[in-house]
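Sequence order for the protein chains is Y and F.
Taken in order, the first sequence gives residues 69 to 584; the numbers are from our numbering.
Taken in order, the second sequence gives residues 2 to 158; the numbers are from our numbering.
Where hints are given, some of them may not hold.
To be verified - Quick partial rundown of chain Y residues pointing at chain F, CB under 10 Å, derived from the structure:
| hint | residue |
| --- | --- |
| 1 | Glu-202 |
| 2 | Gly-204 |
| 3 | Ala-206 |
| 4 | Glu-210 |
| 5 | Thr-255 |
| 6 | Met-260 |
| 7 | Ile-330 |
| 8 | Val-413 |
| 9 | Gly-451 |
| 10 | Cys-511 |
| 11 | Phe-550 |
What the hints assert, rightly or not - Covered stretches of chain F (chain Y as the covering partner; in silico rule of three or more C-beta atoms under 8 Å from a C-beta of chain Y):
| hint | segment |
| --- | --- |
| 12 | 26–35 |
| 13 | 38–45 |
| 14 | 68–79 |
| 15 | 85–93 |
| 16 | 106–113 |
| 17 | 147–158 |
Simulated from the structure, these hints should not be mistaken for lab results.
Think of the CB as a built atom: it goes at the ideal place given N, C-alpha and C, for glycine as much as any other residue.
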Amino acid sequence: MAKLYIPLDMAAVAMGADKLAAAVAQEAAARGEKIEIVRNGSRGMLWLEPLIEVETPAGRVGYGPAKVKDVASLFDAGFLAGGAHRLSIGIVDEHPWMKKQNRVTFVRCGVIDPLSVAEYEAHDGFKGLKRAFEVGPAAVVEEVTKSGLRGRGGAGFPTGIKWKTVADCPPGQKYVVVNADEGDSGTFADRMIMEGDPLSLIEGMLICGYAVGASKGYVYLRSEYPIVAKVFQSAIEKALEAGWLGANIKGSGFDFDVELRIGAGAYVCGEETSLLESLEGKRGIVRAKPPLPAHVGLFGKPTVINNVLSMATIPMIMEKGAKHYADLGVGRSRGTMPLQIAGNVKYGGLFETDFGIPLGTVVNEIAGGTRSGRPVRAVQVGGPLGAYVPVSLFDLPIDYEAFAAKDSLIGHGGLVVFDDTVDMSWMARFGMEFCAIESCGKCTPCRLGSTRGVETIDKIRSGQDIDANIDLLKDLCHTMKFGSLCALGGFAPYPVESALRHFPEDFRKPALEAAE
Amino acid sequence: MAGAAQYSDERAREIIAAHMGLEGPAMPILHAIQEEFGYVPDAAVRQMAEALNISRAEMHGVVTFYHDFRRAPHGRHTLKICRAESCQSMGAERQARAFLDKLKLDWGGTTPDGALTVEPIYCLGLCAHSPSALYDGEPIGCVDAERLDEIAAEARD
Ligand SMILES: Cc1cc2nc3c(=O)[nH]c(=O)nc-3n(C[C@H](O)[C@H](O)[C@H](O)COP(=O)(O)O)c2cc1C
Ligand code: SF4
Ligand code: FES
Ligand code: FES
Chain Y
69 MAKLYIPLDM
79 AAVAMGADKL
89 AAAVAQEAAA
99 RGEKIEIVRN
109 GSRGMLWLEP
119 LIEVETPAGR
129 VGYGPAKVKD
139 VASLFDAGFL
149 AGGAHRLSIG
159 IVDEHPWMKK
169 QNRVTFVRCG
179 VIDPLSVAEY
189 EAHDGFKGLK
199 RAFEVGPAAV
209 VEEVTKSGLR
219 GRGGAGFPTG
229 IKWKTVADCP
239 PGQKYVVVNA
249 DEGDSGTFAD
259 RMIMEGDPLS
269 LIEGMLICGY
279 AVGASKGYVY
289 LRSEYPIVAK
299 VFQSAIEKAL
309 EAGWLGANIK
319 GSGFDFDVEL
329 RIGAGAYVCG
339 EETSLLESLE
349 GKRGIVRAKP
359 PLPAHVGLFG
369 KPTVINNVLS
379 MATIPMIMEK
389 GAKHYADLGV
399 GRSRGTMPLQ
409 IAGNVKYGGL
419 FETDFGIPLG
429 TVVNEIAGGT
439 RSGRPVRAVQ
449 VGGPLGAYVP
459 VSLFDLPIDY
469 EAFAAKDSLI
479 GHGGLVVFDD
489 TVDMSWMARF
499 GMEFCAIESC
509 GKCTPCRLGS
519 TRGVETIDKI
529 RSGQDIDANI
539 DLLKDLCHTM
549 KFGSLCALGG
559 FAPYPVESAL
569 RHFPEDFRKP
579 ALEAAE
Chain F
2 MAGAAQYSDE
12 RAREIIAAHM
22 GLEGPAMPIL
32 HAIQEEFGYV
42 PDAAVRQMAE
52 ALNISRAEMH
62 GVVTFYHDFR
72 RAPHGRHTLK
82 ICRAESCQSM
92 GAERQARAFL
102 DKLKLDWGGT
112 TPDGALTVEP
122 IYCLGLCAHS
132 PSALYDGEPI
142 GCVDAERLDE
152 IAAEARD
């Protein structure tokens, strides 16, 4: 019986994977071919989705992007045995896009059946947890600290230090919370790992709960990800059935439960304290820090809150040891970063690599330049609060400190590429508008400053007192940066200032026209 | 939304009761109420405030904070079009504007026949297939003007 893989990943489904899977099943039945279709996660070569993979003795052969209309010809070409076809990309693991990566967090994503506990275990799953049980909670915290892992949600805070703070709180009710709000434009790594390898996130939460003394974990998932909700909920159920969740897990004496909660379309709820408020059933208004969530978190209890990627990387660190992870990367950016390549690119997708790769290499070589075929003009790195980086800075390595030195950030690792038709004063306006729409309203610089920012950019765009208004805009950015409570108001100026700095000509178009 | 039930206090009470065992049950209840009735009716907000033992004003504050919760029934179908940066890099803003103009709608508006509500959304995690949209919960990548027109026609039937 032939074994096929067709992703259940939301991007694959958005390109027709569900219809394709149904058509393949129907065609196989009509031809009397016995097949098994596994709905896997995506391999990350998103421009090839939907990608059908067929298991052959030589390895898995890929065909993509496959449409319903291609199904008959795929069967005619003998694709069930890996036969040649226009859509064939050969052995998937040999594809240059795959070969150039170093998959640590995403090692199983797209490879296994995401909802099979047995396959997860056969691919080294739960080895990290078993090792955690052997070495004990204090050694786990030590190991995570030594790995150099920094939070992948954006702020880059050392994960081990956060865990130690919670572990050091007196025993009692504590919580593990996973931030799956992934609101940044240009990012989808959390979504992909939760669809493609959800058990790795559950295992990470188990290790964390064991290390800090928590027995309950929540995952706060954005409502825009309905497929994740379905997949992750069944992963919880499968883990329970297999005895990897619940009471006295595998005889360890450790109890842990995971509950999935769904957000309601507020970007600010990705900010950790706003998220906790929302979990408690309140308006997602940001809390002042201190106290830190590690001391006074969910329902007032000590709480670890980590991004999906941070948590899903923990099992690998525990399995292979801190050194293995810490040996990768550059400077204080240790390990790997799952980059998300998006926007106007030829090859968009998930590309996991050691820190240190130059931005230009990713954009020009890995992503293959723009989809439109026009020259690249800017890349927004790190979501809506991240700076627009011009081509002149393309030798910047993917490294937290190198980006910070250029008033930019890596954030959650999303790269959005724009070609030369982009109007940077419009993008700056959009940045301010987005901040105004999503502001939680707690502080004036963010709530009012963003609206004033939109108005001011509108004036600049219509050619009114351009110099005076640019000064006003810069001043406003300064006030927002230093007077906002959280990074929504505090970082919203980054895209605006970077647009002003690197693309000043886009703010002077009407003036130029008037001068002609 | 297609298939939403008529509001009844009794049904709202049942939904609320079913979630009262959870820690911080407000968000799960609001989602369940909207799932059932297609929006969050004022009467349900009153019921919730009572059950959760908070003021009606506070409960109202929670509902209105979140973009997802609707205060009134929407069109029978909902199309959410992504407006965020990645989709803008592929011309989403211009395309959406033209589509809205054709339907004589603004963001958040519903066609006069009550068939379709068009809302903005800020990233669907489909940024390698920009521009993207979500139609009644079904994700769509690389959406073009033709596909948008098909959806508008489909919604009318
Ligand atoms: C406006 C705003 C939105 C944020 N959105 C997210 C998000 O969607 N996901 C995330 O993991 N962190 C987000 N963060 C960062 C979190 O506040 C927090 O730093 C993170 O969840 C900590 O986990 P980590 O240390 O594993 O990164 C956001 C921060 C701000 C200010
Ligand atoms: S900066 Fe904006 S989002 Fe953050 S706390 Fe202040 S008002 Fe709320
Ligand atoms: S007004 Fe609240 S922090 Fe500035
Ligand atoms: S920006 Fe539109 S899907 Fe991400």
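*Taking the closest Cβ pair, is Y/Ala-206 under 10 Å from chain F?*
Since the shortest Cβ distance to chain F is 28 Å, the answer is violated.
*Close enough to count: is the Cβ of Y/Ile-330 nearer than 10 Å to one in chain F?*
Since chain F brings a Cβ to about 6 Å from Y/Ile-330, closer than 10 Å, the hint holds.
*Verify the interface restraint on Y/Glu-210: the C-beta must sit less than 10 Å from at least one C-beta of chain F.*
violated (31 Å)
*Can we keep the Y/Val-413 interface hint, with Cβ of chain F closer than 10 Å?*
holds (7 Å)
*Taking a Cβ-to-Cβ distance below 8 Å as contact, does the segment 26–35 of chain F have at least three residues touching chain Y?*
holds (count 6)
*Does the CB of Y/Cys-511 sit less than 10 Å away from some CB of chain F?*
violated (16 Å)
*Interface hint compliance - Y/Gly-451 to chain F, C-beta minimum distance less than 10 Å*: holds (8 Å)
*Would you say the segment 147–158 of chain F counts as covered by chain Y, given the rule of at least 3 residues with C-beta under 8 Å?*
Violated - the segment 147–158 of chain F has 0 residues with a Cβ nearer than 8 Å to chain Y, which falls short of three.
*Could you check if Y/Phe-550 really has its C-beta closer than 10 Å to a C-beta on chain F?*
violated (25 Å)
*asked:* Just to make sure I understand the rule, a stretch counts as covered if three or more of its residues have a C-beta closer than 8 Å to a C-beta of the chain. Does the segment 38–45 of chain F meet that for chain Y?
replied: Answer violated; 0 residues pass the 8 Å Cβ test.
*Report holds or violated for the interface hint on Y/Thr-255, using the least CB-CB distance to chain F and a cut-off of 10 Å.*
This hint holds: Y/Thr-255 lies near chain F, its Cβ roughly 7 Å from the closest one there, short of 10 Å.
*Does the segment 85–93 of chain F contain three or more residues whose Cβ lies closer than 8 Å to a Cβ of chain Y?*
holds (count 7)
Of the numbered hints stated above, those contradicted by the structure are hints 1, 2, 3, 4, 10, 11, 13, 16 and 17, listed in ascending order.
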